[in-house]
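Residue numbers (our numbering), protein chains in the order written: chain E, 1 to 218; chain P, 1 to 242.
Quick caveat, the hints were computed from the structure, so don't treat them as lab data. On a predicted model such as this, the values are computed, not experimentally measured, just so you know. Mixed in with the good hints there might be a few duds.
A few chain P residues facing chain E, derived, Cβ under 8 Å [what the hints assert, rightly or not]:
(1) Asn67
(2) Val70
(3) Val74
(4) Ile147
(5) Val163
With beta-carbon atoms standing in for the labels, derived distance ranges [unchecked claim]:
(6) Gly42/E - Val74/P: 25 to 35 Å
(7) Leu6/E - Asn176/P: 42 to 52 Å
(8) Leu217/E - Lys10/P: 27 to 37 Å
(9) Val74/P - Thr189/E: 47 to 57 Å
(10) Ala81/E - Leu232/P: 27 to 37 Å
By construction, the Cβ of each residue, glycine as well, lies at the ideal position given by its N, Cα and C atoms.
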Amino acid sequence: MKALLLRDLRLAFRSGGGFGLGLAFFFLLSILVPLGVGPEGGTLGRIAPGILWVGALLACLLSLDRIFALDHEDGSLDLLATAPIPLEAVVAIKALAHWLVTGLPLTLIAPGLAVFLNLPVGGYPWLVASLILGTPALSVIGAFGAAITVGLRRGGLLLSLLVLPLYVPTLIFGAEVVRRGAEGMALATPLALLAAISLGASALLPFAAASAIRVNLR
Amino acid sequence: MSVWEYANPKKFMQTSAWALPWVVGLTVLLLVTGLVWGFFFTPDDYKQGSTVKIIYLHVPAAMMAINAWVMMLVTSLIWIVRRHHVSALAAKAAAPVGLTFTLIALVTGALWGQPMWGTWWAWDPRLTSFLILTLFYFGYIALWAAIEDPDTAADLTSILCLVGSVFALLSRYAVNFWNQGLHQGASLSLDKEENVSDVFWVPLLVCIAGFVLLFLTMVLMRTRTEIRARRLKALLARERGT
C-alpha cells in the first residue's frame with residue numbers, strides 16, 4: 001500500500017503529472033478576482049471566503065480524471081484490481097495521493113492568497129482549518145466520480161457534472177466556517193458538520209467507488 | 001402471487017398493456033377535473049389574486065419531482081439486490097419524467113415568485129435544493145446516455161443514485177442551514193388541523209392525484225418502450241448472428 005502511495009505521488013510530481021495545475025489555477029483565480037471585482041477592501045473581504053473555497057473546489061476538480069483514467073489506459077488498474085490488497089484500499093490510497101498533491105498544497109498556499117483577497121484577520125486560522133478538514137471530502141468524492149466514469153472515453157465533462165452536486169454540502173459548510181470566522185461568530189456547528197462529511201465520505205465512498213470500478217472492469 | 005412476478009418482462013408487458021388504458025383514462029379524468037376546477041371554479045385569494053392558481057401545477061409537480069427520485073432510488077436498490085431488468089429500466093424511464101417535473105416546479109415557481117416576492121429567483125433553501133436536484137437528474141440521465149453496455153449502465157447509475165440520494169439529502173440540510181428563505185413552510189402536512197382552506201385544498205388534492213397518475217402513465221409507457229427497444233436489439237443481434 002505504501003508502494004502504491006509512493007508510486008502515485010512520484011507520477012504526480014513528474015512533469016505532466018498535473019501537480020502544478022490545480023495550484024496554478026487557484027493562484028490565477030485569486031489574482032483575477034480582485035482585478036475583476038475592483039480593489040475596494042470591503043467587497044473583497046466579504047466575498048473572500050466564498051471565492052477561496054470555490055477556487056479550491058475547482059482546482060480539485062481539474063485533476064480528478066487523472067485519479068484512475070491513466071491507470072485504466074495502461075492496464076495497471078486491472079493489475080491493481082487483482083492485487084492482494086482490496087480494491088477499496090486502492091481507492092482510498094489513490095484518494096489520499098490526490099489529496100496530498102492537491103488538497104494539502106492548496107491549504108498551505110490559501111492563507112497567502114487570502115492576503116490578496118483582503119480576508120479579515122480573524123478568518124485565517126479558520127480558512128486553514130476548514131480547508132484541511134474539507135478538502136479530503138473533495139478528493140474522496142472526486143475519486144468516486146472518477147471511478148464511475150473511468151470506462152468512458154471522454155468522461156471529463158460527465159465527471160464534472162456528476163461531481164458538482166455532490167460537492168455542494170462541502171462547499172456550503174466550508175465557506176460558512178470561514179465566513180463566520182472572519183466575522184468572529186460561533187462556528188462550531190459548520191466545522192463539525194464539515195468534518196463529519198469528510199469522515200463519512202472517507203469511510204463509505206471507497207466502497208461505492210470500488211464497486212463502480214469492478215463494474216467498469218467487467 | 002408475489003410482486004416479483006412482474007419482474008418478468010413478459011408478465012410486465014401483459015399486465016401493463018391491460019392496465020395502461022385504465023391508468024391513462026383516470027389520469028385524464030383527474031387532471032382535467034382538478035385543473036378546470038382549480039383554474040375556473042375557485043375564488044381568487046384575497047392577497048395573491050389569481051396568481052394563487054399556479055399552486056395547482058406548482059405543488060403537484062414539486063411533489064412528484066421528489067417522489068420520482070425516491071422511486072428511482074427504490075428501483076435502483078431492487079436492481080442491485082435482485083437484478084431484475086425491468087426494475088433498472090423503470091428507473092431509467094422515470095428519470096426524464098422526474099427532471100421534467102423538477103423543471104415545471106422551477107418555472108412555475110419563478111412565474112409565481114415574480115409577482116409575489118418581486119423576483120424570479122432567490123437563493124432560498126427550497127429553490128436551491130430544487131436546483132441541486134435538477135443537477136442530480138441531469139448527471140443521472142447523462143450517465144445512462146454515456147454508457148453503451150446496458151448492464152454496466154444500470155449498475156453504475158444505480159450506484160450513482162444511491163450515493164446521490166445521500167448527498168441530495170445532505171444538501172437539503174446544508175442549504176437550510178445556509179440561508180433563511182422567502183418560501184413558505186409546508187402547508188399541506190397531514191398531521192395539522194387545518195392547512196389551506198378547503199376551497200383550494202380539495203381541487204389541489206385532485207390535481208396531486210392526477211399528477212401521480214400522470215407520472216405512473218409516463219413511466220409505464222416509457223418502461224414498455226425500453227423493454228421493446230431491448231427486445232429489438234436482441235432480435236437484431238440474433239439476425240446478425242445467423
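Supplied contact hint for Val163/P, tested at 8 Å Cβ to chain E: With a closest approach of 5 Å, the Val163/P hint holds.
Against chain E, run the beta carbon of Asn67/P and see if the smallest gap drops under 8 Å. violated (19 Å)
Distance restraint evaluation - Val74/P, Thr189/E, Cβ atoms, bounds 47 to 57 Å: With Cβ atoms ~32 Å apart, the hint is violated.
Interface hint check: Val70/P, Cβ to nearest Cβ on chain E, cutoff 8 Å. Holds or violated? violated (17 Å)
Is 42 to 52 Å respected by the C-beta to C-beta distance linking Leu6/E and Asn176/P? For Leu6/E and Asn176/P the Cβ distance comes to about 43 Å; the hint holds.
Using the Cβ atoms, figure out if Leu217/E sits within 27 to 37 Å of Lys10/P. 33 Å Cβ-Cβ, so the 27 to 37 Å window holds.
Against chain E, run the beta carbon of Val74/P and see if the smallest gap drops under 8 Å. violated (18 Å)
Return holds or violated for the Cβ distance of Gly42/E and Val74/P against the range 25 to 35 Å. Given range 25 to 35 Å: violated, Cβ gap about 50 Å.
Taking the CB of Ala81/E and the CB of Leu232/P, does the distance hold inside 27 to 37 Å? At roughly 34 Å between Cβ atoms, Leu232/P and Ala81/E fall inside 27 to 37 Å, so the hint holds.
Does Ile147/P meet its interface restraint, that is, does its C-beta lie within less than 8 Å of any C-beta in chain E? holds (7 Å)
In this structure, the earlier hints numbered 1, 2, 3, 6 and 9 are contradicted, and the remaining ones agree with it.
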